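Colleague: Chains as they are written, first to last, in my numbering: chain A, 11 to 364; chain B, 11 to 364; chain C, 11 to 364; chain D, 11 to 364.
In short, the hints are calculated from the structure, not lab data.
The reader is advised that the hints may include incorrect statements.
[To be verified] Distance condition first, Cα-Cα at most 30 Å in a straight line; then the derived DSSO-like pairs of lysine-lysine: (1) B:Lys70 with C:Lys13; (2) A:Lys303 with D:Lys75; (3) B:Lys219 with A:Lys303; (4) B:Lys145 with B:Lys13; (5) D:Lys219 with C:Lys219; (6) A:Lys111 with A:Lys14; (7) D:Lys75 with A:Lys70; (8) C:Lys303 with D:Lys219; (9) B:Lys219 with B:Lys70; (10) C:Lys145 with C:Lys303.
[Claimed, not checked] Listed next, with one range per pair, are the computed distances between beta-carbon atoms: (11) A:Arg61 with B:Asp301: 49 to 57 Å; (12) A:Arg50 with B:Asp301: 49 to 57 Å; (13) A:Arg230 with D:Ser313: 39 to 47 Å; (14) D:Pro198 with A:Glu232: 36 to 44 Å.
Here the structure is a predicted model, which is why all the values come from computation and not from measurement.
The beta-carbon is built from N, C-alpha and C at its ideal position, and this holds for glycine as well.
There are 4 protein chains.
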Amino acid sequence: MTKKIPAVILGATGTVGQRLIRLLEEHPWFEIFAVAASERSVGRPYAEACRWLLPGEPPKHVGEKVVIRLDPQAVSCDRPAIAFSALPAAVARDVEPTFAKAGYVVCSNASAFREEPDVPLLIPEVNPDHLALLKRQQETRGWDGLIVTNPNCSTTGIVLATKALDVAFGLRRVVATTLQAISGAGYPGVPSLDILGNAIPWIPGEEEKIATETRCLLGRIERETRIEADITVSAQVNRVPVVDGHTLCLSLGFDRLPSPTAAADALRAFRGSETVRGLPSAPPRSVHVMDGKDRPQPRLDLSEDSGMVVHVGRIRPCPILDLRLVGLVHNTLRGAAGGAILNAELLVAEGWLG
Amino acid sequence: MTKKIPAVILGATGTVGQRLIRLLEEHPWFEIFAVAASERSVGRPYAEACRWLLPGEPPKHVGEKVVIRLDPQAVSCDRPAIAFSALPAAVARDVEPTFAKAGYVVCSNASAFREEPDVPLLIPEVNPDHLALLKRQQETRGWDGLIVTNPNCSTTGIVLATKALDVAFGLRRVVATTLQAISGAGYPGVPSLDILGNAIPWIPGEEEKIATETRCLLGRIERETRIEADITVSAQVNRVPVVDGHTLCLSLGFDRLPSPTAAADALRAFRGSETVRGLPSAPPRSVHVMDGKDRPQPRLDLSEDSGMVVHVGRIRPCPILDLRLVGLVHNTLRGAAGGAILNAELLVAEGWLG
Amino acid sequence: MTKKIPAVILGATGTVGQRLIRLLEEHPWFEIFAVAASERSVGRPYAEACRWLLPGEPPKHVGEKVVIRLDPQAVSCDRPAIAFSALPAAVARDVEPTFAKAGYVVCSNASAFREEPDVPLLIPEVNPDHLALLKRQQETRGWDGLIVTNPNCSTTGIVLATKALDVAFGLRRVVATTLQAISGAGYPGVPSLDILGNAIPWIPGEEEKIATETRCLLGRIERETRIEADITVSAQVNRVPVVDGHTLCLSLGFDRLPSPTAAADALRAFRGSETVRGLPSAPPRSVHVMDGKDRPQPRLDLSEDSGMVVHVGRIRPCPILDLRLVGLVHNTLRGAAGGAILNAELLVAEGWLG
Amino acid sequence: MTKKIPAVILGATGTVGQRLIRLLEEHPWFEIFAVAASERSVGRPYAEACRWLLPGEPPKHVGEKVVIRLDPQAVSCDRPAIAFSALPAAVARDVEPTFAKAGYVVCSNASAFREEPDVPLLIPEVNPDHLALLKRQQETRGWDGLIVTNPNCSTTGIVLATKALDVAFGLRRVVATTLQAISGAGYPGVPSLDILGNAIPWIPGEEEKIATETRCLLGRIERETRIEADITVSAQVNRVPVVDGHTLCLSLGFDRLPSPTAAADALRAFRGSETVRGLPSAPPRSVHVMDGKDRPQPRLDLSEDSGMVVHVGRIRPCPILDLRLVGLVHNTLRGAAGGAILNAELLVAEGWLG
């Protein structure tokens, strides 16, 4: 690769957009070509239009870019390009197809197309075979480009923490209770009066997404069609006063009962395909099995492996289903911006760009 | 009652001891006669010996009392009296029997005797019939007094939130994930460096207590013997940065499938016996069923009904077991000091004092 | 008083509006007659229109009231009435005069009219003589009613903590650094991502208000004209992750050097006029001088005396100015809703109603 | 340097000890040779003896080291070495001299010797000339080695934020109010019940240290004697629920009145000597002047430049003294472990080792 691949950030001023920009700052394959956002930001330098919420400042060359409209016509790029979408679902539904149609490889963090039967909902280590949907997507929709989505942040953690167990023991039931960080709600997101010193036992739409997306991700592809996995999910989500990091308390039921040791071994051995392991944003291990009886914890464990690893601890028998464990996922890295970038890397490696 | 019943506070300087003192400040039946604590406090006025952690200051007449030894001989009381114990388990194991032997009605918040077969583990609305163990206790142990215990704070919430459902539908399985407040660990308790902006997926001994005590409380008495309930409990506890209030996320399995409406009705109708309802510390309702989709929440709901009510919300079908719901209990009031006082009131009403 | 005085709440759905409703729930003199708010709430029952943020639920009879327009014509009240205003400043500027003109005694928490030369900025214990401005206000503006304002929440604390010192020693200079609670910003107010585990050294307009309002409140009235006090204020405000309670760190310079003991004595002796002391919402003491070296603290001290007392601790010499001390004010009670009600009570006691 | 300089960590298991170990993990000049701690850790592998509180795990080669006694005889090192001390003051007073006597260059974070007239209290960019005290120290005390100390964490921030202003305008008065992070109290440190959602207006001994140490650091050396600066400091410290990062709100008085612009220019131009600028841990700039009206903030700014830079914002006139500004220092990096390491680097560069 002599020249980096141009990337357009859709929804560049939000919290996930900012994470994308930070992660792409020194990316070996991609470089930010344009930043696009809603009307009130268009025409202003990014550094002014954006209330930057990450430590430090936006990269200088991005900060100076003028924000463009959410329209492929506004981008003056003459090479095949990637569009990373951090748009709200309602906006994504209209905007993302225009980019796909214009030839962009759209890697979306939005929920708008996650459940479309011809749109891969993708975690590279988990279901790279779902890219088989893309041919049908392009044919049916008449797009030169394509859309691939990454799952909801909690689902990303749950699926990475259970994929290896599903392969080895046949996952059938998941009772999930989550403790989710405030950054999952974007900005301004959760008012501090609601959450400081408090816990809120509900997040709109989240429990439904966890159930649906888990079945998609762990499903299989037959004749270019996605067959959802036969897994029942019962989810209770909670918002807690943690900045980053969703804690996932799971009880799991399987076809074949795993011992805690066998489960830990399966998780430790879990890794993506050789192609996936070679991607720039792939962590050295996708799951980190922890022995400490009080781990994982957001503050102590979250930043490891660039926030792309899922931590799993407290693996033990469940007296009701089969296995109990606790997972931890970095919701804005692996669960959002980092997930979208890893997807883009896989698409490039698999030859879907240009 | 022309004269109030004297009460001795064992472990008076700790957080539960302080709550006991505050709750007894204007109690219609009881008055604090003596405050006892460990050696390093003995001989000093209570206000000096104690690092008071509740709003305001200790009641003046208690603040001036000199702290005495944890020894019935140190109390110069000539009437039948109650000893409220907020001692650590290891100390309680030695001290509580000396008070029971000396004729005290010991109402203990400690875990030391909770699992003894002849010691009632008591929630007045739930299992007042377990007082039938007391006769055997006094005979076997040769005590003039007695020991009654109240359960662990999370268990109190779980059992109050499920007792009515157990009666109506036959509770068999409980998958519980808790979000527990820092005050549950006493003082100094959880270091702020461990919990500020964090969540910790473990509390020593807590998951075991929840399983064991739930089976005791929902068990029955046959021929002065406690038969544990046949209920399987799978618990995952978490510490979260909330000051007071344990949130309890439950999936429940029953003999007979309840509809959410039937479950809510059963919980709304739940109340103790007529005797229990007349106790001074009994709340107007023991369970508050909430309709708001994001309730209960510690900050908004905890202080209602003097912290003696358990809130239950989000009652809905569980696709794996039968029912999902979220409970909230005030861990230092209903789950500790208030629970001990309500037990004492029941014992007085049932004629166990003097 | 055989019948309670009717009260209209302007801006009833916001956080200060809610506090007003809670405080008036059992008020001996006032009763809520109508709740008014912006267009999007008008026509809906209050309980539906309002996102209630205080513990428990709104009083039933208020919850059932239909929200009316911010217009005196919308109120069908045939008796002299009070309008409590919790409106944003920009709205208050238009709406409050229409109520004053229609004969209402408007007690406003908004900043809109605080600096008008003929509008009293009032704390009953501090400057009841400023009511002398009202006659001119009514004459000049041709109003049957009137407007009285209470100061900004931090200023309320600073002035209550220093008034007695000003009287005794002549206050000339105030270096103030505040640690302010999130509830001061209303709802949704401060995004949790901004403040959880963080401190923000700025609040828009706050430092200017502290300086200006302090000079007004400690000023005097001559010939129905307010003469600002000759006091220089240097303020640095900070937002901190505390729910309620502004901590005020002050260095004070005086005409006559007070010893810490003399200062504490002056503060302890500080009380309003006999009239003020008899008002229903007046606390037994306006300033609580604390000896504990680590006091006052929001969590431990804020709820005392219904949140109407200002706590002062750590009184000691300042090696640069004269005196150092730390104040604590309940920003949404004494500093907002409670302050407005106390003002209304004084106006009634002084015969300004009807 | 062909071989790295051996370093012994005294008080290796505490929070500052852990920071030292993390910072030395890949240090170009130093390598950890031994870890020493109190009796209850001695003889155990460091990874077991220590409750590791930083993200990730201790470096493997350190985790495997057996903890030794706080005694130079326990170290089997045959080369000139550095001892980094993170000991409590009371222990440091006894232990540090034994290492200095045994030839070690002791770089101490403890307060034990900070005020000794022959012990440099050192910040390399601020007062490297104070190393002139060392000759006298070694002669008087008959030590082959030496002790150099770094200041208290708040003082470090205050002095770095004002040194350039002192040089340019002659600092005479400092009114300081701080908002200090919980990590400043070590581990277990501040109980969460004390600080969650709260602010505490006192930290034992802190205000005195700020005053004394500021005068030392900004003082001058004449004939190998330290002359304290003629600067009056009035400090009010507060503990706030922030994990890392002390916010410092300062009002400053000078001999010559600086304009805010001149002050900002002086701070931007501030840097250490050429020697200091070349040290491995020296940040590219020692002070970062920020323009944002709501900066600096712990969460957004603390991690910049490895936590070794002090941020300064909100520079403006003070109507009482001359200048107002807000500083932010990373209390466990620049204010503790990082400060000690930078001191060690300067000592090596100046030839004080071996």
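Colleague: Look at each hint and say if it fits the structure.
Modeller: Now for the hints, and whether the structure bears them out:
Proximity of Lys70 of chain B to Lys13 of chain C is assessed by CA-CA distance (about 39 Å); at most 30 Å being required, the pair is judged violated. The straight-line distance between the Cα atoms of Lys303 of chain A and Lys75 of chain D is roughly 23 Å, inside the 30 Å bound, and the hint therefore holds. Between the alpha carbons of Lys219 of chain B and Lys303 of chain A the distance comes to roughly 17 Å, so the proposed pair stays at or under 30 Å and holds. Using a Cα cut-off of 30 Å, the hinted pair Lys145 of chain B and Lys13 of chain B holds, with the two alpha carbons roughly 27 Å apart.
Proximity of Lys219 of chain D to Lys219 of chain C is assessed by CA-CA distance (about 34 Å); at most 30 Å being required, the pair is judged violated. For the hint pairing Lys111 of chain A with Lys14 of chain A, the CA-to-CA distance comes to about 22 Å; that is within 30 Å, so the pair holds. Pair hint Lys75 of chain D plus Lys70 of chain A does not hold up; C-alpha atoms about 44 Å apart against a cutoff of 30 Å. Pair hint Lys303 of chain C plus Lys219 of chain D holds up; C-alpha atoms about 17 Å apart against a cutoff of 30 Å.
Distance check on the hinted pair: Lys219 of chain B and Lys70 of chain B sit about 37 Å apart at the alpha-carbon level, beyond 30 Å; violated. With a C-alpha separation of about 46 Å, the suggested pair Lys145 of chain C and Lys303 of chain C falls outside the 30 Å cut-off, and the hint is violated. Evaluation of the 49 to 57 Å hint for Arg61 of chain A and Asp301 of chain B yields a failure: the beta carbon distance comes to about 36 Å. A hinted range of 49 to 57 Å is violated for the C-beta pair Arg50 of chain A and Asp301 of chain B, which are about 37 Å apart.
Checked against the given bound of 39 to 47 Å, the beta carbons of Arg230 of chain A and Ser313 of chain D, roughly 43 Å apart, stay inside it. Checked against the hint of 36 to 44 Å, the C-beta distance between Pro198 of chain D and Glu232 of chain A comes to roughly 57 Å, which is inconsistent with it.
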